[in-house]
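Could you build the full structure based on these sequences and the hints that come with them?
Residue numbers (my numbering), protein chains in the order written: chain A, 1 to 418; chain B, 1001 to 1418; chain C, 2001 to 2375; chain D, 3001 to 3375.
Hints in this document: simulated from the structure, not taken from any laboratory.
Some hints here could point you the wrong way.
[To be verified] Now the in silico label distances, taken between C-beta atoms and shown as ranges:
no.: 1; chain 1: D; residue 1: Glu-3049; chain 2: B; residue 2: Ala-1201; range: 55 to 63 Å
no.: 2; chain 1: B; residue 1: Glu-1014; chain 2: C; residue 2: Ala-2011; range: 44 to 52 Å
no.: 3; chain 1: D; residue 1: Asp-3036; chain 2: B; residue 2: Gly-1353; range: 18 to 26 Å
no.: 4; chain 1: D; residue 1: Asp-3014; chain 2: B; residue 2: Gly-1353; range: 40 to 48 Å
Each residue gets a CB set at the ideal place from its N, CA and C atoms; glycine is no exception.
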Amino acid sequence: MNDTMIDVEDFRREARAWIAANLEPRERVRAGRVVGEVTTHEQIDEARALQRKLFDGGYAGISYPAEYGGRGLTPAHEQAFREEAAGYVTPDFGVVGVVTMGAIGRSIAEHASPEFCRRHIPAILRGDEMWCQFYSEPEAGSDLAGIRTRATRDGDRWVISGSKIWSSGAYLADWAMCLARTDWDVPKHRGLTWFAIPCDAKGVTIRQIRQINGGAEFCEEFLDEVEVTEDDIIGEVNRGWAVTQTMLVYERGAGETATPTEPRALAPDLVALARRVGRIEDPAARQAIARAHINDYAQFHLGRRIADRLEHSHNPDHAVAAYSKLAAGVYTPLRARLGMEIGGPAALAWAIGDEAEGRPALDYLNGRRISIAAGTNEVQRNGIGERVLGLPREPSFDTNKAFNEVLRNARNWDGKVG
Amino acid sequence: MNDTMIDVEDFRREARAWIAANLEPRERVRAGRVVGEVTTHEQIDEARALQRKLFDGGYAGISYPAEYGGRGLTPAHEQAFREEAAGYVTPDFGVVGVVTMGAIGRSIAEHASPEFCRRHIPAILRGDEMWCQFYSEPEAGSDLAGIRTRATRDGDRWVISGSKIWSSGAYLADWAMCLARTDWDVPKHRGLTWFAIPCDAKGVTIRQIRQINGGAEFCEEFLDEVEVTEDDIIGEVNRGWAVTQTMLVYERGAGETATPTEPRALAPDLVALARRVGRIEDPAARQAIARAHINDYAQFHLGRRIADRLEHSHNPDHAVAAYSKLAAGVYTPLRARLGMEIGGPAALAWAIGDEAEGRPALDYLNGRRISIAAGTNEVQRNGIGERVLGLPREPSFDTNKAFNEVLRNARNWDGKVG
Amino acid sequence: MDSDATEDQRALLDVSVRFMEETCPPAVVRDAERRDAAFAAGYRSQAAELGWFSMLVPEALGGGSLSGNGVLDAALIAYLRGGRLQPGAFVGTNVVADAIARAGGARLQAEVLPALVAGEASAAWALAATAGAGSPAAGVDARTDGTGGLVLSGAKTAVLDVEPGGWLLVTASSPDGPVQAVVAADAPGVGIVALDSLDLSRRFSEVRLDGVVVAADAVLGDAGSTAALVDHQLAVAATLLAAECVGAMDAEFAMTLQYAKDRIAFGRPIGSFQAIKHVLADTSLAVEMSKAITLAAARTLGSQDDHGPAAASMAKALVGDSAIDLAQNCFQVFGGIGYTWEHDQHLYLRRVTSDAGLFGDAAWHREHLCQLSGI
Amino acid sequence: MDSDATEDQRALLDVSVRFMEETCPPAVVRDAERRDAAFAAGYRSQAAELGWFSMLVPEALGGGSLSGNGVLDAALIAYLRGGRLQPGAFVGTNVVADAIARAGGARLQAEVLPALVAGEASAAWALAATAGAGSPAAGVDARTDGTGGLVLSGAKTAVLDVEPGGWLLVTASSPDGPVQAVVAADAPGVGIVALDSLDLSRRFSEVRLDGVVVAADAVLGDAGSTAALVDHQLAVAATLLAAECVGAMDAEFAMTLQYAKDRIAFGRPIGSFQAIKHVLADTSLAVEMSKAITLAAARTLGSQDDHGPAAASMAKALVGDSAIDLAQNCFQVFGGIGYTWEHDQHLYLRRVTSDAGLFGDAAWHREHLCQLSGI
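Okay, here's the thing in structure tokens:
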């Protein structure tokens, strides 16, 4: 922290005044809107206008470096602004905004060249550039470094081909940060490079993925000889894994901004459901309700316990965060299943268009998202087993070999070693 | 089958007459006695006398070769005799008798030299020699070929040292069939040899293992430079794995002789328990009872389905038997746990010495035996996954290396391959 | 599912598979709009030619089964239907045909039954959408009209596969216990309201009855026999639905198993990891147990064995729980791809979840088993 | 268990550990015969010097806690006790001391309470051995004797840790609802029958009451307040027992984890197999959740927060189920060696199973939670 930096409380007062003068109080009707419901370009444009206002006022990118258009302050200042602005309408870019201002903006600021940062970060903070990730691939999900999208150097251009998937809100974004393999003759973590690609570049096709729950917030992309230049590289060639690690840290952090409060009321949704279907006196339904609530309550206190452990440890091991993720991955689908059990046939079929009555089924369809996305339950179990508990490692067949050879061997897998 | 062999039904009539003339009808009081309750040398001696009578009458070893004192008939003849003798007192050596006449006798008959067979099989069939296995080791359980007991050649003698465990009824046996490693510089399956060891040989210490359920049917053994000769080898030196496979087939078969009948009455033990503790009207107890019974019923029909599949297939894959074993390994401990739940505190504490009231706790302690012994649940899952479902193999680190090297590598395990 | 199937049974199964694959392949399953009333009528009529609706009806009444065990024959068809996520009122029509054959009067047996057997109309069983320990009669009250007929009022929700021009078997409460009547879906006072559903391969309706007058000759059985008949209907429905569910489980498992062999991650097929392999082994055990118990239930129930209803409840309970476990496990093996609309995973997840919940969920059948067993 | 423990708390915990390891090491835990009446009295008296029985008693009555939250202090001790499978009437004595401090008359507070705090005598709570949804008062009937006293008749089975010369808190049914009284274990009409038990580290008795006359000054509370007091006692007992259970879980898990690292099979440490690794990861999650919820319950219950009883029931339910899962999983990891008497595995299996079943099993506490939540 530098000596001339404004004190957080002074900053808070200053921000309060600016907010009152410039932002509109949040109407009640918008309070229920949640991140992820931004689905149209119109909503994005509306957010851009508001973001520009913040930027011009000096309240965009509060903790980003001043040289790139930020304010150069600390996360504590940022938090103070958030608290003051809580009752006002602020720019809502949905999930694409979270990704842009969070994992992507931070990764760029830490790893990209100064020229790149000057070109893009102010545009991001102004709301002019929304970004998405071209990261996961159909053949590289849990195996985060198993990227097969290929970038080939051709003079001072790079030509990128491959396919990407699970990009949140890519159809709303202007730019993509894309991971590609630039060396196939080294182990998988060592031949990767990140590139910036305009979403409207020639050869880029973005398609929304229709999900089982009816939504379509994720996209898949087809990259067909997309051309970029040296200037579009983020970080160093073949050193993309270092950027990835930064990105993952911010990604994991991003989920934790909202602090839940201790759940005290007995699973209100399930109690209401049991009442609706006339089963509130049914011992089995009561057991299911209590079971769900106890798991909610235990998960909350687990989260607090882990946050304490990370905060109060001199050398915190972030691997313990896997406990919260695994708990969510195990108990979310279980809770959804308990809902279906309580609801019975009334949860299987409901009045057309009645979202409240259809909710248990929707929760059920969404139940496994958290057990799969951003590290499956199995990946968390490996992490807990090896990094937290210190169990001997799983044999690895792909860390020390050229990626080309890994692919060849995998296709001829016979389980024989040595 | 040879042409001069007596017809099964003729044999049955002949046997019926002999049985009526020579054996005592079984009193009701003995009907409840189960295999495994033979725990004393007195009981063994009593069984020997009766076995001698069968042997002299020509009804011992009915399907063993005649040249070794058997009758040279088929398993169908054997079965006919069993059916005819069902109402009579027959020799009961308990589990040691099952092992001796089953897995061990058959393995000897198939693999040992004619001299060895002539020396031992008639003695076995006469009841003079009871045998046990010195097979599992403290460091070799699920890993059946991971034997560390060492046999070293010294002229025409072999000197055996090591320790063995989980030998059923060894303290009642006269001889042991012992697996030892005779070559440490070849892969693990290729350096093993079976030896016959008199249980009272110098250097053999047999100790009953006290079990968590209070019983002590299993033993552990310490072998301290036990000397045997070339004549005591069963099968060939370093080819012990072939004998083992024969033994395992008979061992698995041995458990299947008793055909259970379809369980129709709703889990009678649990219904009685629920009545005793006043919970027969309690919905949770009723759910638990039904759950247990449904699993019993499904396991029975699974067993029938698998037996049909093995019987009616031209080239039956015995790997499917793993389904029955896994089902037992999963549902037996679950059933025991349901018993404890139904019983509540009354299952935790009971009138001193009241075996009926203590039964749920005893079942609970015994519940995991089947999930661990003779191939753990995990081993069955691997078998089903790889042999039945054809899933790609688990990487193997010990099949192609000298066993010495395997042990060295295992101690320095780092999970890195290639 | 059944390695003991006779040659006649096998021939029927083969031709049934061809029929389903030609008439209602996956593209049609996925597209509810293509499955309109005309489609349903055509499908039903062809299915009837294969004998799908005659198996539980005695020959004297125009029916007949191949093996002499109609429940078993129907269960084998149901198994094939489940694997192909087939729509249509198979379970309902068979249950109602069976009920009319057992307890229907002359008019029902002469007019309604032949139409069902011939596939000219389908039937749905309007029982209460029971979960927990509810009664199948709940929701609709019946009062007598003095001439042996009934007047029905109330509603049944989540009624499976009510088709236009079809029949309803309504199970209602009366002061004398449960009563049952066969009512035309388009009779005066009957309202059929289509519902949204988790299960995209089936149709659900709410059936509203507003003082529906039922003549005496449309009433099934009498006060003394109705409770037993309802139990029997539940046993048949449970067995056939369990068989459909096992078919879906088997198909979904096969698809998942193949994926575990093909999908590469961390330099290995994912099926070589114990985390995947062991889940698939457990799931495969659940499939085998589900097949075994469902066949046992069909054999027992179809052979007039007193143990039939207990066996049927056991099958429904075990299969229902196992199917949801299976669907959850398969989803986990598929990972992200299973979250996409285009992948078939969710169709099976939806279908087996509705299989598990209809005609009594697992908990309901466990309690029913206790009652059947006299405790 | 608690990384927030104060320095005073840490000092108490350290000295308590030394006491347990010296006075009742594993060899003594395993040998019930060494734990006779003299041993119990000595153990109790030393424990009392460490303040084990004063934490729930206000300073005005001779008690006092270190942190101001007596339930939390006692739970931290309980956690250490569980890890070392300690015997002795810790939970019972604290629950009864708390009850007397809250609702006892002058004589109980002057005579019994100081003896409990000083470790001169222990106390056991004779509640009904509830499973399912039973009432703690069941088994013993109380009638009034006209002078404000009671006459108690009936029996309570599986009463935990009744020690010679100790006291019993009997919860009984009366026509006016539950009543409670403190009775000497050797009072006329009281019969204490020792029981066999799954749990080798604890003692269980059947308590028979044959017209036991209780004077008015030994009755706790009145008709209006007793039900709430019983709920409070259950919450305290549930929290302390959950804490003992978490201690046992943690110790057993550590032992199993080490074994998975050391044990070699198939050329690898078994902990490198996903089948073992993932079970241990899940088990470790269960331990962490159990610690988190138990500390939350202790903090809440000990700070006069209305949510205390709900939190206690949640902790008891989650920990009870998790502990049995854990014990089963650990047993499976140990394999055959865990089936031998000499191995400690079974002592933990036995202990946590009794933890799970005493003072209300998981199902009982789930139902209780619903009732506390007003549904």
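Each hint tested on the structure:
For the pair D/Glu-3049 and B/Ala-1201, the supplied restraint of 55 to 63 Å holds, since their beta-carbon distance comes to about 58 Å. The hint said 44 to 52 Å for the Cβ distance between B/Glu-1014 and C/Ala-2011, and at roughly 48 Å that hint holds. The hinted window of 18 to 26 Å between D/Asp-3036 and B/Gly-1353 holds, with their beta carbons roughly 20 Å apart. Range check, D/Asp-3014 to B/Gly-1353: about 43 Å between beta-carbon atoms, so the 40 to 48 Å window is met.
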